[in-house]
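Produce the complete structure using the sequences and hints provided.
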Amino acid sequence: QQQVKQSPQSLIVQKGGISIINCAYENTAFDYFPWYQQFPGKGPALLIAIRPDVSEKKEGRFTISFNKSAKQFSLHIMDSQPGDSATYFCAATSIQTSGSRLTFGEGTQLTVNP
Amino acid sequence: NAGVTQTPKFRVLKTGQSMTLLCAQDMNHEYMYWYRQDPGMGLRLIHYSVGEGTTAKGEVPDGYNVSRLKKQNFLLGLESAAPSQTSVYFCASRENNQPQHFGDGTRLSIL
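From first to last, the protein sequence lines are chains A and B.
For what it's worth, our numbering labels the leading residue of the first sequence as 1, then goes sequentially.
For what it's worth, our numbering labels the leading residue of the second sequence as 1, then goes sequentially.
The hints are simulated quantities; they were obtained by calculation from the structure and are not laboratory data.
Simulated coverage check for chain A against chain B, where a stretch passes if three residues somewhere in it have a Cβ under 8 Å from a Cβ of chain B:
hint, region
1, 37-48
2, 87-100
3, 104-113
Chain B regions said to be covered by chain A (calculated; three or more residues, Cβ under 8 Å):
hint, region
4, 41-48
5, 98-109
With a straight-line cut-off of 30 Å between C-alpha atoms, the simulated DSS-like cross-links for lysine-lysine are:
hint, chain 1, residue 1, chain 2, residue 2
6, A, 42, B, 9
7, A, 71, B, 57
8, B, 70, A, 42
9, A, 42, B, 14
10, B, 71, A, 42
Glycine residues also receive a C-beta, built at the ideal position from the N, C-alpha and C atoms.
As structure tokens, then:
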């Protein structure tokens, strides 16, 4: 079963707008939550990550918001640009488990129109 | 510095054929992973390795085997390919407490 649920499946935003992608998890042992960005024909690349001891992390135009009690976290892309058009995956893992295996969400295809 | 290199990039197989996908990393990473990516399902872990000579099952291991004889290489084998194994396969590696680095994938079609 999918332990990390991601929505929406696809998202269309105008240039300059805010893109918001949401994820929910079930396993309370998860303690590391990365977001990956994937362009067509390429592998995923780490975008930004958060640990549950903080509620928000910001890097440039990208912000993760984390709600531990609700077991939810989200990615906000401010001032979205056409170059941000890609597929985004949330993921979760427990650092303590063997191999720190990542569990991925289903992915969100983001299109930013010029 | 090539990072994570996957070979081949594309392959078409017939049902029942066997093949091996190669993943090579030049970062001296301990951990290596094989995923498959299917539309609407994200990336699912097939097998992984926590060091040279070790392998372990992931979420979807059936129909696949792996070997990690050398630290830099992680091989994924399909002994008897099935159409359900048509997918894009990604390899990743990482060092302890560091994020995973992914290759650019192998696109595999099984007819």
